[in-house]
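All chains should be modelled from the sequences, with the hints used to inform the complete structure.
2 protein chains.
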Amino acid sequence: MEKKQNYSKKREAILEAVRSTDTHPTAEWVYQKLKAGYPDLSLGTVYRNLSAFKEQGVIMSVGVVGGREHYDGNTSPHTHFICSRCGAVLDVPGNFVSKTQVEKTASDCGFKVTSSEVMLRGICAECLKKEKY
Amino acid sequence: MEKKQNYSKKREAILEAVRSTDTHPTAEWVYQKLKAGYPDLSLGTVYRNLSAFKEQGVIMSVGVVGGREHYDGNTSPHTHFICSRCGAVLDVPGNFVSKTQVEKTASDCGFKVTSSEVMLRGICAECLKKEKY
DNA sequence: CTCCGTGCAAATACTTTGCAAAGCG
DNA sequence: CGCTTTGCAAAGTATTTGCACGGAG
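Residue numbers (our numbering), protein chains in the order written: chain A, 1 to 133; chain B, 1 to 133.
One thing to keep in mind: the hints can contain errors.
[To be verified] Once the Cα atoms are required to be at most 25 Å apart in a straight line, the calculated DMTMM-like pairs of lysine to aspartate or glutamate come out as: (1) B:Lys54 <-> A:Glu69; (2) A:Lys104 <-> B:Glu28; (3) B:Lys104 <-> A:Glu126; (4) B:Lys99 <-> A:Glu16; (5) A:Lys54 <-> A:Glu16; (6) A:Lys104 <-> B:Glu131; (7) A:Lys112 <-> B:Asp22.
[What the hints assert, rightly or not] Which residues of chain B face chain A? A few of them, derived with a C-beta cut under 10 Å, are: (8) Thr45; (9) Tyr47; (10) Ser84; (11) Ser98; (12) Val113; (13) Ser115; (14) Glu126; (15) Lys130.
FYI, nobody ran anything at the bench for these hints, they're computed from the structure.
For each residue, glycine too, the CB sits at the ideal point set by N, CA and C.
Right, dumping it as structure tokens:
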């Protein structure tokens with residue numbers, strides 16, 4: 001039983017904001033970005049719409065980094081890299097997981113896998129540069 | 001400049017609690033488990049010690065699932081499966097990432113990778129059973 | 001005696017929610 | 001009009017922190 005969804009300019013703007021960047025934004029980031037064009041936008045609305053999008057599978061969550069949930073408008077499977085220094089979340093080209101191996105494991109263990117995600121942690125190029133002291 | 005660390009029975013108990021299970025506990029879980037044996041244990045202490053352990057690399061974090069941070073006493077690289085229904089975090093045998101491929105990507109992109117993690121999402125065997133309606 | 005570790009409670013930080021008002025169809 | 005979406009502010013939840021006291025060395 002799906003709920004009917006009316007058109008909303010703000011909702012569209014929120015989705016567009018997430019899709020138009022590769023910075024893996026947080027709710028706060030989206031809010032700050034849109035505040036200029038939509039002065040009466042409320043942070044609650046951003047949160048509400050982002051979770052709705054996530055639930056519908058329109059966008060994905062990269063997970064919670066530094067206490068904040070980061071979203072990703074790119075739903076095609078790809079890899080993420082998290083810098084332990086600055087907390088940046090970067091896209092990494094390439095799929096590191098063997099699909100057949102996952103499927104085999106799933107049937108072995110008796111559960112159903114709907115998605116897989118690879119996360120690399122380390123220090124990004126930016127922070128490596130600054131670190132030379 | 002490392003800080004000196006005295007012996008503490010409670011700290012040891014907290015570490016032992018995380019290591020003695022494969023349920024990937026949260027701070028609250030550890031607290032509940034130890035409360036019986038250490039009636040005046042405080043939740044703040046559990047949080048404090050868990051983050052200290054994590055920082056020292058003695059234990060790892062599985063990430064935030066359902067709003068709570070889950071820890072893992074097993075620091076050897078392995079894979080995690082998260083059930084979208086019940087939120088359980090399970091260990092999965094097998095390493096799904098190609099080390100050489102990660103290393104190549106790292107040098108290509110100019111950052112340093114210190115760890116990699118694979119996360120599978122789906123529905124666990126338990127929940128699949130219950131779902132037959 | 002001098003620090004370290006802890007209990008306790010207050011403070012944070014992010015996210016969710018209730019409700020009345022405004023908007024879409 | 002009926003149902004959806006929003007603003008606003010209050011409530012929630014997980015985690016962190018300040019401080020005085022008990023404990024280890």
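Comparing the hints with the structure gives:
no.	hint	verdict
1	B:Lys54 <-> A:Glu69	20 Å, holds
2	A:Lys104 <-> B:Glu28	34 Å, violated
3	B:Lys104 <-> A:Glu126	18 Å, holds
4	B:Lys99 <-> A:Glu16	36 Å, violated
5	A:Lys54 <-> A:Glu16	14 Å, holds
6	A:Lys104 <-> B:Glu131	22 Å, holds
7	A:Lys112 <-> B:Asp22	20 Å, holds
8	Thr45	21 Å, violated
9	Tyr47	13 Å, violated
10	Ser84	7 Å, holds
11	Ser98	6 Å, holds
12	Val113	4 Å, holds
13	Ser115	5 Å, holds
14	Glu126	9 Å, holds
15	Lys130	13 Å, violated
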